[in-house]
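*Asks:* Counting from 451, one number per residue, gives the positions in the sequence shown under my numbering.
Calculated from the structure, these hints are not laboratory results. Please read all numbers here as calculations on a predicted model, not as lab measurements. Each residue gets a CB set at the ideal place from its N, CA and C atoms; glycine is no exception. Treat the hints with care, as some may be off.
[What the hints assert, rightly or not] With a cut-off of at most 20 Å between alpha-carbon atoms, the simulated SDA-like pairs for lysine to any residue come out as follows:
| # | residue 1 | residue 2 |
| --- | --- | --- |
| 1 | K757 | I583 |
| 2 | K615 | L493 |
| 3 | K673 | E550 |
| 4 | K579 | L525 |
| 5 | K579 | W528 |
| 6 | K518 | L669 |
| 7 | K615 | K673 |
| 8 | K727 | K546 |
| 9 | K673 | N552 |
| 10 | K546 | K615 |
| 11 | K579 | L669 |
| 12 | K671 | T747 |
| 13 | K546 | T747 |
| 14 | K615 | W745 |
| 15 | K749 | L734 |
| 16 | K727 | E606 |
| 17 | K579 | K749 |
| 18 | K518 | R724 |
| 19 | K727 | A816 |
| 20 | K546 | L559 |
| 21 | K757 | W870 |
| 22 | K727 | Y780 |
| 23 | K673 | E606 |
| 24 | K727 | K673 |
| 25 | K757 | V773 |
| 26 | K673 | L559 |
| 27 | K518 | K673 |
| 28 | K518 | K671 |
| 29 | K518 | K749 |
| 30 | K579 | Y780 |
| 31 | K673 | W517 |
| 32 | K518 | N601 |
| 33 | K671 | V492 |
| 34 | K757 | S850 |
| 35 | K671 | Q490 |
| 36 | K518 | M842 |
[Stated by the list, open to error] Label pairs and their in silico Cβ distance ranges:
| # | residue 1 | residue 2 | range |
| --- | --- | --- | --- |
| 37 | V785 | P846 | 24 to 32 Å |
| 38 | S752 | T812 | 18 to 26 Å |
| 39 | T640 | E814 | 50 to 58 Å |
| 40 | A661 | A860 | 36 to 44 Å |
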Amino acid sequence: MQQGKHAVQSRLLAWFQRLGEIAHSRERSSGRPAGTLDAQAVLLLAVQGFFGAAGALSGTFVPVFLWKTSQSYALLGWYTLTQYVTSGLTFWLAGKWIKEHNKMNGLRLGVALSGGFYFAVLMLGEQAKAYMIALGVLNGVAAGLFWLAYNVVYFEITEPDNRDKFNGWAGFLGSAAGILAPWISGIVITSRQGLGGYRIIFTISLIIYGAAVILSFWLRKRKFGERYDWLHTIRQLKERGNPWRRVAPAIALQGVREGVFMFLVGLMVYVVTRSEKMVGNFSLITSLVALGAFWVTGKLLSVRNRKLIMLIGVIMISAVITVLFFGFNYTALLVFGIGTSLFMPLYTIPMTSTVFDLIGRTEESARQRVEFIVMRELMLTAGRSVGLLAYMAVVPRDDSPLAIAMLLLAVGAMPIAGWWFIRPILAAPQQTRT
451 MQQGKHAVQS
461 RLLAWFQRLG
471 EIAHSRERSS
481 GRPAGTLDAQ
491 AVLLLAVQGF
501 FGAAGALSGT
511 FVPVFLWKTS
521 QSYALLGWYT
531 LTQYVTSGLT
541 FWLAGKWIKE
551 HNKMNGLRLG
561 VALSGGFYFA
571 VLMLGEQAKA
581 YMIALGVLNG
591 VAAGLFWLAY
601 NVVYFEITEP
611 DNRDKFNGWA
621 GFLGSAAGIL
631 APWISGIVIT
641 SRQGLGGYRI
651 IFTISLIIYG
661 AAVILSFWLR
671 KRKFGERYDW
681 LHTIRQLKER
691 GNPWRRVAPA
701 IALQGVREGV
711 FMFLVGLMVY
721 VVTRSEKMVG
731 NFSLITSLVA
741 LGAFWVTGKL
751 LSVRNRKLIM
761 LIGVIMISAV
771 ITVLFFGFNY
781 TALLVFGIGT
791 SLFMPLYTIP
801 MTSTVFDLIG
811 RTEESARQRV
821 EFIVMRELML
831 TAGRSVGLLA
841 YMAVVPRDDS
851 PLAIAMLLLA
861 VGAMPIAGWW
871 FIRPILAAPQ
881 QTRT
């Protein structure tokens, strides 16, 4: 289940708006009316839509598939940990290529490798359990390349006058895919015996990724950037009074929660129901709730009330986990999922917008957008890895409902500490020094 990753790491697109306003005061493309999308922006939306649809169709069920073929919580943990670490390292290593050389080839390679991951799973079938580490590396490299290149290309293709429209369409496409695709996949998987349904959805995802690669060749080559700073993250964290010394641990604590919740919640729905269809139904319901919650939160949120809104959010997404102590069944998981979907936007929107406001606070920091995006991902990776290590210390040894509920509460409450770290930055990220 991608509750954390696609509600948090996803929607970071909307918060490049502030970054773009400071870094680029370019003239609009000739002939494009203000507030409209040109052909390049529409093409990028299409590529993102295909990528998101393919991932939503199959990504929700990859942990279920790997667990069914291995029956091992430990192996699944190693696969996920490898994926997280590889993705973070790819962000850091590929940053030089993306900033100084060909962004479009990075984007295409990320999409192609995502398709290659599902092709490998298709070919391996039940033997995938013997290659989980290699599969984790492949999926991590693919995700790292795509998201780093996509975020930078998005920033360069759009302008302040049309970013709202682009973000609106991107959000709509992502939400539609997240709501419908897992539900459809669950129906397809349960309609076939054995692993036949998985082969169908993985094949469809592979075809969609192929279409995205082909479509990306109509995106124009982007200009090369300045020199990439390999040690940028270390420099930021060593500087006394730098606000990133507070923001970085908050991002890492966000990652601790994501590292476990991104895959374990959906897997638990399958474990208690033994039905991929119920996993799809769970995703459908919680995604619909999340869509409405994000819309309402977006209307209510402002810079002035970020601190209070985020505090309410972190308390509620932690408190709702306690439902699982009163019964670890589908009903309890659904109540937990709905509660999380309701309150997660109160946490993720202030968190993400503050981070990207901070990136765009000066022209110099905006020029280093690639390095800051890499820094953010490195902090998330560190946190996710810690969360995964906690999972691997508990669940392979004790997979009782009480042990899992306690693990979810322990890592799920980490955003409360994250709020404490970032609270001085929330109100005025543009002026903050600590």
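*Asks:* All hints are to be evaluated individually against the structure, with a verdict given for each.
*Replies:* Okay, the hints, checked on the actual structure:
no., hint, result
1, K757 / I583, "40 Å, violated"
2, K615 / L493, "14 Å, holds"
3, K673 / E550, "9 Å, holds"
4, K579 / L525, "8 Å, holds"
5, K579 / W528, "11 Å, holds"
6, K518 / L669, "40 Å, violated"
7, K615 / K673, "24 Å, violated"
8, K727 / K546, "43 Å, violated"
9, K673 / N552, "8 Å, holds"
10, K546 / K615, "30 Å, violated"
11, K579 / L669, "37 Å, violated"
12, K671 / T747, "37 Å, violated"
13, K546 / T747, "36 Å, violated"
14, K615 / W745, "15 Å, holds"
15, K749 / L734, "23 Å, violated"
16, K727 / E606, "40 Å, violated"
17, K579 / K749, "45 Å, violated"
18, K518 / R724, "10 Å, holds"
19, K727 / A816, "45 Å, violated"
20, K546 / L559, "15 Å, holds"
21, K757 / W870, "10 Å, holds"
22, K727 / Y780, "12 Å, holds"
23, K673 / E606, "9 Å, holds"
24, K727 / K673, "46 Å, violated"
25, K757 / V773, "26 Å, violated"
26, K673 / L559, "18 Å, holds"
27, K518 / K673, "46 Å, violated"
28, K518 / K671, "43 Å, violated"
29, K518 / K749, "42 Å, violated"
30, K579 / Y780, "27 Å, violated"
31, K673 / W517, "44 Å, violated"
32, K518 / N601, "34 Å, violated"
33, K671 / V492, "15 Å, holds"
34, K757 / S850, "37 Å, violated"
35, K671 / Q490, "11 Å, holds"
36, K518 / M842, "18 Å, holds"
37, V785 / P846: 24 to 32 Å, "27 Å, holds"
38, S752 / T812: 18 to 26 Å, "22 Å, holds"
39, T640 / E814: 50 to 58 Å, "54 Å, holds"
40, A661 / A860: 36 to 44 Å, "42 Å, holds"
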